[in-house]
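Using the sequences plus the hints, can you model the full thing?
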Amino acid sequence: MNSNEIVIVINPGSTSTKIALYNRTELINELIVRHSQVDLDQFQKVTDQFEYRYQMVEDGLDEMLSKEDLHVVGIVGRGGIVKPLEGGTYRINNSFLEDAKTGKYGDHASNLGSMLANKLAKHFNLDESFTVDPVSAGNIWEKARISGVPGIERNRRGHPLNMKMTARKTAKQQNITFEEAKYVIAHLGGGISIASVDGGKIVDVNDALMGMGPFSPNRAGALPSRGVMDLCYSMPRNEVEALLSKNSGLKAYLGVDDLRDVFKLIDSGNEKAQLIYDAFVYQIAKEIGAYHVALKCKANGIIITGGIAYSERFISDLKTYVEKLTNFFVYPGENEMEALAEGAFRVIDGKEMALEY
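For the sequence shown, the UniProt record's numbering begins at 1 and goes up steadily by one.
These aren't lab readings, by the way, just hints derived from the structure by calculation. Predicted model only: the values in this text are computed from it and were never measured. Positions of the beta carbon are idealized from the N, C-alpha and C atoms, including for glycine. Where hints are given, some of them may not hold.
Per label pair, the in silico range of CB-to-CB distance [claimed, not checked]:
1) R226 / G333: 34 to 44 Å
2) V149 / A290: 12 to 22 Å
3) T25 / K272: 44 to 54 Å
4) E239 / G350: 44 to 54 Å
5) E312 / G255: 21 to 31 Å
6) E239 / V149: 39 to 49 Å
7) A290 / R237: 28 to 38 Å
Cross-link-like lysine-lysine pairs, in silico, DSBU-like; alpha carbons within 35 Å at most [unchecked claim]:
8) K251 / K83
9) K45 / K18
10) K83 / K246
11) K18 / K286
12) K101 / K18
This is how it looks when you write it as structure tokens:
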């Protein structure tokens with residue numbers, strides 16, 4: 001294969017847009033375009049930032065490519081919050097773009113990924129663009145969709161890109177096929193998603209954005225129903241949503257949402273910080289245990305990933321709860337860029353068929 005053939009990877013975050021160039025074996029170049037909060041505050045919805053971000057991304061790419069003798073064969077953007085999907089690589093079509101742009105299923109920075117990839121494909125004279133394992137992706141068991149109230153289905157919005165990438169790496173490390181492996185994977189960052197992966201598919205996962213699972217650095221997680229009802233009758237809907245998805249968790253209890261700052265409070269003798277941190281670890285451990293049971297206690301491993309996995313102190317505390325359940329693996333950080341590139345190349349090289357939204 002020609003090592004000069006590359007895919008461009010676009011991953012929008014809340015205050016930045018990551019750009020990377022990958023060939024089939026390695027990262028060639030990368031750039032993080034920063035967006036000031038002052039600039040972003042002028043937009044009512046995240047997807048209203050599209051033109052603002054696009055020009056900065058296009059300028060950055062043109063500069064990156066001017067320094068290299070590279071041939072762009074594909075564009076791939078991070079998938080956003082769209083309708084529930086099976087996992088895989090999707091061709092970005094008009095229906096996908098419409099749901100991402102309008103925020104029909106949720107307004108999130110990742111919705112910009114497909115929009116940016118689609119326009120960049122035209123810029124590079126490509127007929128199509130892709131996204132891989134969007135936020136709503138998964139092959140969820142039917143029994144896992146049931147909530148207990150007819151008409152309310154359990155949401156599942158997690159981190160399938162990073163989860164499936166770390167599962168592939170772990171399966172290779174254990175010398176078992178990805179399609180045979182069973183894992184419990186905990187992606188721990190600003191949002192927390194914990195999933196059962198069976199046969200290479202995410203078969204159950206909590207809603208990392210709002211309403212399920214442990215509380216996160218700034219999200220509420222699962223809550224007592226009566227407390228939620230009281231909130232909904234005392235505040236406008238948009239304020240309740242902002243509270244539960246952005247201003248809860250560690251941030252609400254302690255005023256900080258960085259675990260390093262939590263440790264500083266604990267080490268200074270703050271007893272409240274110690275209690276909230278203990279609850280944080282406890283809830284994550286309980287959720288891991290539940291998803292291990294969902295796999296009938298036959299998981300090949302527990303995988304911890306995401307930004308919080310960099311904390312050796314946290315990992316040590318978590319292991320006291322779960323390390324005896326099965327094999328324990330830690331992959332700090334995110335592998336989203338690499339996962340996007342690999343997913344695009346699998347379709348470009350004919351190893352997989354692109355799925356249609």
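Numbers of the earlier hints that this structure fails to satisfy, in rising order: Violated hint (a single one): 6; every other hint is consistent with the structure.
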